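K.L.:
Take the given structure of chain C and dock chain W to it, following the hints.
Which chain is which? The protein sequence lines are C and W, in order.
Residues in the first sequence are numbered consecutively from 0, following numbering that gives the first Met the number 0.
Residues in the second sequence are numbered consecutively from 0, following numbering that gives the first Met the number 0.
Rather than coming from a laboratory, the hints here were simulated on the basis of the structure.
Only a predicted model underlies this, so the values are computations on that prediction, with no experimental measurement involved.
Idealized CB from N, CA, C, for every residue including glycine.
Check before you lean on any hint, since a few could be wrong.
Here are some chain W residues the structure puts well away from chain C; computed CB gaps all over 10 Å [what the hints assert, rightly or not]:
{"#": "1", "residue": "MET163"}
{"#": "2", "residue": "GLU176"}
{"#": "3", "residue": "GLU202"}
{"#": "4", "residue": "ALA218"}
{"#": "5", "residue": "LEU337"}
{"#": "6", "residue": "GLU350"}
{"#": "7", "residue": "LEU351"}
{"#": "8", "residue": "GLU392"}
{"#": "9", "residue": "ASP417"}
{"#": "10", "residue": "GLU525"}
{"#": "11", "residue": "ARG598"}
{"#": "12", "residue": "TYR650"}
Straight line, CA to CA, 25 Å or less: simulated BS3-like cross-link-like pairs of lysine-lysine [unchecked claim]:
{"#": "13", "chain 1": "W", "residue 1": "LYS384", "chain 2": "W", "residue 2": "LYS431"}
{"#": "14", "chain 1": "C", "residue 1": "LYS97", "chain 2": "W", "residue 2": "LYS403"}
{"#": "15", "chain 1": "W", "residue 1": "LYS431", "chain 2": "W", "residue 2": "LYS304"}
{"#": "16", "chain 1": "W", "residue 1": "LYS588", "chain 2": "W", "residue 2": "LYS573"}
{"#": "17", "chain 1": "C", "residue 1": "LYS97", "chain 2": "W", "residue 2": "LYS398"}
{"#": "18", "chain 1": "W", "residue 1": "LYS403", "chain 2": "W", "residue 2": "LYS440"}
{"#": "19", "chain 1": "C", "residue 1": "LYS97", "chain 2": "W", "residue 2": "LYS644"}
{"#": "20", "chain 1": "C", "residue 1": "LYS149", "chain 2": "C", "residue 2": "LYS97"}
The primary structure of each chain is shown beneath.
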Amino acid sequence: MSAVSSSESALPYADIGEYMAFALGAEEYAVDILRVQEIRGWEAVTRIPNSPSYVKGVLNLRGTIIPVFDLRQRLGMPFRAYEKETAVIILTILDGEKRRSIGVAVDRVSSVLSSARKHIQTTPNFGAQLNADFIDGLVTANGKLVTLLKVDRLGCFSSEGSGIESELA
Amino acid sequence: MTIDLSQFHQVFFEESFEGLGVMESGLLRMDPGAVDGEEINVLFRAAHSIKGGSATFGFNDIAAFTHVMESLLDEVREQRRQLTSRSLAVLLSSIDVLRAMLTAASGDGALDNALVARQQQELEAVLNNRESSPVIEHCAAPQANSAIDQVIGWHLVFRPLPNMMRTGNDPLRIIRELAGLGELDVKVDISLLPGFEQFDPEECHLCWDLHLHAAVEQARINEIFEWVEEQCDLVIVPLPGKDPASSTSNDQDVERDAETPRVSLVPAADSEAERHAGNERRRTDRRENERTASGAGSIRVDIQKIDNLINVVGELVITQSMLSMLGENFQMGQLERLKEGLSEMERHTHELQESVMQIRMLPISSIFSRFPRIVHDLSNQMEKKIELRLTGENTEVDKTVIEKIGDPLVHLVRNSLDHGIEAPAERIAAGKPETGTIELKACHQGGNIVIEIRDDGSGLDPERILRKAIEKGLVDSETQLSEQQSYELIFQAGFSTVETISDLSGRGVGLDVVRRNINELGGTVEIESKPGRGSAIIIRLPLTLAILDGQSVSVGDEIYIIPLLSIIESIQVKPDMVNLIAGRAETCKLRGEYLPVIRLYEILGVQGYRTGELTDGLLVVVEGEGRRCGILVDELIGQQQVVIKPLEVNYQRVDGISAATILGDGSVALILDVPGIMRLANATPELRVLQCSA
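Next up, chain C with everything else stripped away, as it sits in the complex (with noise of 0.2 Å):
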């Protein structure tokens, strides 16, 4: 399902961008694979008290603890229920200098996409319909449209995580 086209396989490596794509319901979402650290089904995690509604709670990876978001509700989007093919991705984000992991539940796992830099859309400008600050771009793969996501802000804990209203009152 990748999105190389025979004409652009042949370009050199540092114009090609590798991204795993999921999905959360019909849309299709993407982010930086280098970002990926890995890939879980869901389990559960313990829950933070008095935490935001996007944060499930934490899990233990190997010995760190790591907090697990909703992707959904963190882009502003309805809860919907956990089934079997719920995944966790374990991203790393980075915050100043330091690293950080955290996890998040996304509805479907897809593939790896390729796309050539050139092939990235800028996003369009909603206003404020929707806070577009996680967005890091638009591409299109097999027909579909894919939302490339900034994996930094959405580790950015300051912000309330809605993509629709723009801010919580």
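P.N.:
Chain W alone, transformed into the frame defined by chain C:
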């Protein structure tokens, strides 16, 4: 074959700094009237070692400087000279300078060579029995000191020609650039300004007399004036230098002005050097702290502790091979032996853990030893009489705690010195002894280390504090606060009741940072005070940062850990113990005391809790920050040691939760922060959620 000596530099520096510490505490303890021969010997040997070491490694400046100190000490120990309080003071300030030299040599910072030269001159003056030497005339620099022509500042007379501004040059810009090089004193001379009718705003009739306190080369200054060279009269004279500087004088005013720097500054230089050295010392201390805090560094360990460790590991290996053997051809009949082996394993692991933690523990005296000097210098500076008493210096604390508690402690002691203890006259008027006392105490209490800073000064004035807080907008004017709550206000950012900001404190940023640093170490700070009698600051820190004894409790399906240290007891609530206040606040009566009840499920938002009635569940009586309360839980599960895993590594701090841990089954449990829970309980529900999701 040449040996590369630089690999030994690190050890040399460590030992030299230690030696300096020994010398410093020795000097502080010394009483000029009654000099102890052995003490002087110790000092002499320390100086001798530093001299020898620095000569071996090629640090000739340091060797030469220390040589003078050593000669002085040698004469005292051979009783060829009396130790006067003046020589004592000079030796003390020399130690500061020597420390700075060593720090610079170890590659951590620049050295003020002029300061070194001055100090060395003073030392030699004392050695040659000259109590004060005019700083300027003594031009014969000691052999190894290479930086003779370095100056500490410049005196400039800058007079732009009237048409200077027409060429687009702005004297203000030039002066600003000068100010960027260092501290600049500016005096403007408006005597040449014409009357208002003749005044042409595009002409410059002003003249400036500037004193620049910066150790820069003259070339740098010339650079700044490059563009206006032709359009002004400029005189540059070093301050108070040894070099008769290049004076480009073409103006009569020059001679008059050039005389001022030549005034002998000996008494001022003395305290200036001390203060300067003191500042250097503070700066290098901080840098040292930063360096060690970032993880690099070494630790000195008592050999006994290492031997213990080796023994324990040995036993662990034996038990482990015994278990392996058992496991190879295991039959059910051997179950008893297996269980025995496992419990021995548990014992040894526990011992190993304790031994290893012991290794990282150092006596707190390494921090306390800084204070005699600080108190000594500051009490002289502030003209107050202060006695410092240290107790419990042998109390051992984890190395990380030592590294991070040093600066907050220094700040707190300075506060006591500055604001707490009154001037001698005030004290006598208040019927107190002239000499104020500051007591620094450290001890173990349960699994905590408690550090107290007590003074018998004027104490805190709750009214004044409240007024200041209202003034600064930290609380609104209607607030009524208890005395204790008023004291807590001083920990707020931006708070200071000091009218003038002294060099030490009063900038209003200190105490909140202090509290935050202490909280980050997992500790707490409290204040006690009696107006007029004195105050005490009590710091509680956990002994070890990595492991905790906890009681696991369940609320609904969730498991939480309550630190055993905070728990006083756990009780089953009987109906007659329950009381209600104002229909809302629940209390439980325990031995005559009414404890507020906290329903944990409410605070933490747990669904599926089982106990709605107080009498159905268990009440865990806890204490935090001096207050007690009862926490309602469903069940007590067990007591265990848990490894503390901070949440901040990948997530962030959560109110009410101090950290997380991993249970035996691999799942994560949260460790409660008792004071945090109590704070959450006091907040309204809406505030709670807002606070937590911020």
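K.L.:
Against this structure, judge whether each hint is valid.
P.N.:
Going through the hints against the structure:
no.: 1; hint: MET163; verdict: holds, 47 Å
no.: 2; hint: GLU176; verdict: holds, 33 Å
no.: 3; hint: GLU202; verdict: holds, 53 Å
no.: 4; hint: ALA218; verdict: holds, 38 Å
no.: 5; hint: LEU337; verdict: holds, 27 Å
no.: 6; hint: GLU350; verdict: holds, 23 Å
no.: 7; hint: LEU351; verdict: holds, 19 Å
no.: 8; hint: GLU392; verdict: holds, 37 Å
no.: 9; hint: ASP417; verdict: holds, 36 Å
no.: 10; hint: GLU525; verdict: holds, 26 Å
no.: 11; hint: ARG598; verdict: holds, 13 Å
no.: 12; hint: TYR650; verdict: violated, 4 Å
no.: 13; hint: LYS384(W) with LYS431(W); verdict: holds, 12 Å
no.: 14; hint: LYS97(C) with LYS403(W); verdict: holds, 21 Å
no.: 15; hint: LYS431(W) with LYS304(W); verdict: violated, 47 Å
no.: 16; hint: LYS588(W) with LYS573(W); verdict: holds, 10 Å
no.: 17; hint: LYS97(C) with LYS398(W); verdict: holds, 24 Å
no.: 18; hint: LYS403(W) with LYS440(W); verdict: holds, 17 Å
no.: 19; hint: LYS97(C) with LYS644(W); verdict: holds, 17 Å
no.: 20; hint: LYS149(C) with LYS97(C); verdict: holds, 17 Å
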